[in-house]
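Asker: Using the sequences and the accompanying hints, generate a full structural model.
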Amino acid sequence: MSKAKVATVWLDGCSGCHMSFLDMDERLAGLASKIDLVYSPLVDTKDFPEMADVTLVEGAVSSTDDLEKIRKVRAHTRILVSLGDCAVTSNVPAMRNRFPVQAVMDRAYRENAQLNPQTPAEVVPALLGKSIPVHEVVAVDVFIPGCPPSADTIHFAVSELLEGRVPDLSSRTRFGI
Amino acid sequence: MAAPVKVVTLCIDGRDVSGREGETVLEVARQSGIEIPTLCHMDGLEPVGACRLCLVEVTGQARLQPACVTQVSEGMQVATVTDRLRTYRRMILEMLFSERNHVCSVCVSNGHCELQDLAQSEGLTHIGLRYRYPTLSVDASHERYVIDHNRCVLCTRCVRVCDEIEGAHTWDVMARGIDSQVITDLAEPWGHSDSCTSCGKCVHVCPTGAIVEKGKSVAEMAKRAKFLPYLSMMREEW
Numbered sequence: 084m085s086k087a088k089v090a091t092v093w094l095d096g097c098s099g100c101h102m103s104f105l106d107m108d109e110r111l112a113g114l115a116s117k118i119d120l121v122y123s124p125l126v127d128t129k130d131f132p133e134m135a136d137v138t139l140v141e142g143a144v145s146s147t148d149d150l151e152k153i154r155k156v157r158a159h160t161r162i163l164v165s166l167g168d169c170a171v172t173s174n175v176p177a178m179r180n181r182f183p184v185q186a187v188m189d190r191a192y193r194e195n196a197q198l199n200p201q202t203p204a205e206v207v208p209a210l211l212g213k214s215i216p217v218h219e220v221v222a223v224d225v226f227i228p229g230c231p232p233s234a235d236t237i238h239f240a241v242s243e244l245l246e247g248r249v250p251d252l253s254s255r256t257r258f259g260i
Numbered sequence: 002m003a004a005p006v007k008v009v010t011l012c013i014d015g016r017d018v019s020g021r022e023g024e025t026v027l028e029v030a031r032q033s034g035i036e037i038p039t040l041c042h043m044d045g046l047e048p049v050g051a052c053r054l055c056l057v058e059v060t061g062q063a064r065l066q067p068a069c070v071t072q073v074s075e076g077m078q079v080a081t082v083t084d085r086l087r088t089y090r091r092m093i094l095e096m097l098f099s100e101r102n103h104v105c106s107v108c109v110s111n112g113h114c115e116l117q118d119l120a121q122s123e124g125l126t127h128i129g130l131r132y133r134y135p136t137l138s139v140d141a142s143h144e145r146y147v148i149d150h151n152r153c154v155l156c157t158r159c160v161r162v163c164d165e166i167e168g169a170h171t172w173d174v175m176a177r178g179i180d181s182q183v184i185t186d187l188a189e190p191w192g193h194s195d196s197c198t199s200c201g202k203c204v205h206v207c208p209t210g211a212i213v214e215k216g217k218s219v220a221e222m223a224k225r226a227k228f229l230p231y232l233s234m235m236r237e238e239w
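First to last, the sequence lines map onto chains A and B. Here the first sequence is numbered in our numbering, starting from 84 and rising by one per residue. Here the second sequence is numbered in our numbering, starting from 2 and rising by one per residue.
Treat the hints with care, as some may be off.
Far from chain A by the CB rule (all over 12 Å, computed), these chain B residues [to be verified]:
(1) Ser106
(2) Ala120
(3) His143
(4) Glu189
(5) Pro230
(6) Met234
Ranges between beta-carbon positions, derived for each pair [to be verified]:
(7) A:Ile162 with B:Arg85: 28 to 38 Å
(8) B:Val174 with A:Leu198: 46 to 56 Å
(9) A:Ala112 with B:Ser181: 50 to 60 Å
(10) A:Glu243 with B:Val8: 40 to 50 Å
(11) A:Arg157 with B:Gly178: 35 to 45 Å
Everything labelled a hint here was simulated from the structure, so no lab data went into it. All of these numbers come straight from a predicted model, not from anything done at the bench. For every residue, glycine included, the Cβ atom is placed at its ideal position computed from N, Cα and C.
Answerer: This is how it looks when you write it as structure tokens:
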């Protein structure tokens with residue numbers, strides 16, 4: 084049996100969901116015999132593959148870069164999974180939504196800057212007007228709420244998906260956690 | 002001498018149950034171990050049927066009925082779990098989550114919140130509606146308590162407990178529809194209220210992290226609302 088191609092993507096989140104993924108500890112060794120991690124902040128591949136079977140997305144869609152990435156990922160993924168509250172609800176990144184983008188940028192790069200206050204004009208991607216959940220941009224197949232979802236929850240969800248089942252997570256996780 | 006109690010028999014979810022005349026479908030269901038989800042309801046306060054989570058189907062009635070304010074009657078046939086009800090309950094919860102800014106992960110009531118619990122028990126994994134992200138205030142002018150309108154679901158438990166139990170009627174609701182907001186006195190800062198006795202009942206009946214004690218951090222604000230039925234009972238006996 085060929086291994087399932089699994090990818091993980093990190094948009095506007097704190098990486099806590101990826102830390103929780105790593106918290107699967109020795110179970111990662113078990114997963115390694117069933118999956119190829121084809122793209123992830125945890126590996127060194129630069130380009131998203133032609134087609135991933137399952138992609139776990141951490142983080143909200145907050146910048147032009149996030150937007151471009153998630154559209155590309157969706158086009159090259161069979162089962163797209165929103166992993167964690169930022170992807171599912173936009174969570175903490177969305178707390179800036181009540182402020183205009185310029186005010187957010189000024190706060191981060193000018194008001195709180197100790198040295199050389201200036202708003203970046205290149206390299207740093209422009210923020211969208213609002214930080215939004217992944218499913219407001221592209222179709223999402225599975226939702227795993229939690230901040231972060233526990234390693235047990237992620238392990239259960241991935242295992243179920245590899246068996247071709249849709250995981251029922253209602254008793255395992257919730258918004259917040 | 003008290004009037005004789007009339008007992009009515011009815012059928013809830015295929016089970017024959019009995020209750021006293023004047024009792025509600027919700028009361029009789031819970032006495033019989035049948036759980037109906039509620040949010041605005043609280044034992045010890047007058048029911049208002051505001052949140053609509055307890056809607057049930059009653060045979061012979063086209064409209065859904067809120068179990069908390071619908072009295073039982075002889076021969077009534079009630080269904081509390083159907084696909085139609087599940088759809089409506091989820092829709093109500095999705096509207097509540099998208100209407101204001103509920104950020105469970107950083108909320109003082111994380112893990113002790115009735116809205117969060119309902120989302121889980123009703124199997125809500127995401128919100129299909131677009132979030133509104135409204136700009137709402139936080140009033141921390143009171144010495145001991147805070148009202149965070151971002152987390153308020155307008156259940157009016159605070160309004161009712163303050164009026165019915167404490168007798169102060171500091172809380173009320175202003176404006177209409179989506180602009181509705183709970184207020185203290187005539188929409189003055191809570192800390193300036195002349196009528197508030199600082200009893201804290203509103204804090205402990207609030208189902209979410211909207212009315213909380215000062216100084217609590219994430220997930221620290223557990224509410225203690227069990228006192229309420231006893232207080233009401235004492236008042237009735239006196």
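Asker: Taking the closest pair, is the beta carbon of serine 106 of chain B still more than 12 Å from chain A?
Answerer: Not fine: 3 Å to the nearest Cβ puts serine 106 of chain B too close to chain A.
Asker: CB of alanine 112 of chain A to CB of serine 181 of chain B, is that within 50 to 60 Å?
Answerer: Between alanine 112 of chain A and serine 181 of chain B, where Cβ atoms are some 54 Å apart, the hint holds.
Asker: Range first: 28 to 38 Å. Now tell me if the beta carbons of isoleucine 162 of chain A and arginine 85 of chain B are that far apart.
Answerer: 30 Å, holds
Asker: Beyond 12 Å from chain A, beta-carbon-wise, is histidine 143 of chain B?
Answerer: 23 Å, holds
Asker: Is the hinted range of 46 to 56 Å satisfied by the C-beta distance from valine 174 of chain B to leucine 198 of chain A?
Answerer: 50 Å, holds
Asker: Compute the least Cβ-Cβ separation between methionine 234 of chain B and chain A, then decide whether it is above 12 Å.
Answerer: The claim holds: methionine 234 of chain B sits with its nearest Cβ about 34 Å from chain A, beyond 12 Å.
Asker: Regarding glutamate 243 of chain A and valine 8 of chain B, is the given constraint of 40 to 50 Å on their beta-carbon distance met?
Answerer: 49 Å, holds
Asker: Could you let me know if the closest chain A CB is still more than 12 Å away from the CB of glutamate 189 of chain B?
Answerer: Given that every Cβ of chain A is farther than 12 Å from that of glutamate 189 of chain B, nearest at about 24 Å, it holds.
Asker: Does alanine 120 of chain B clear chain A by more than 12 Å, comparing its Cβ with all Cβ atoms of that chain?
Answerer: Non-interface label fails for alanine 120 of chain B: nearest chain A Cβ at 6 Å, not farther than 12 Å.
Asker: Verify that the Cβ of proline 230 of chain B lies farther than 12 Å from every Cβ atom of chain A, and report whether the claim holds or is violated.
Answerer: Holds, because the least Cβ-Cβ distance between proline 230 of chain B and chain A comes to about 28 Å, which exceeds 12 Å.
Asker: Should the hint that arginine 157 of chain A and glycine 178 of chain B are 35 to 45 Å apart at their CB atoms be regarded as holding?
Answerer: 36 Å, holds
The structure is inconsistent with the numbered hints 1, 2, although it conforms to all the rest.
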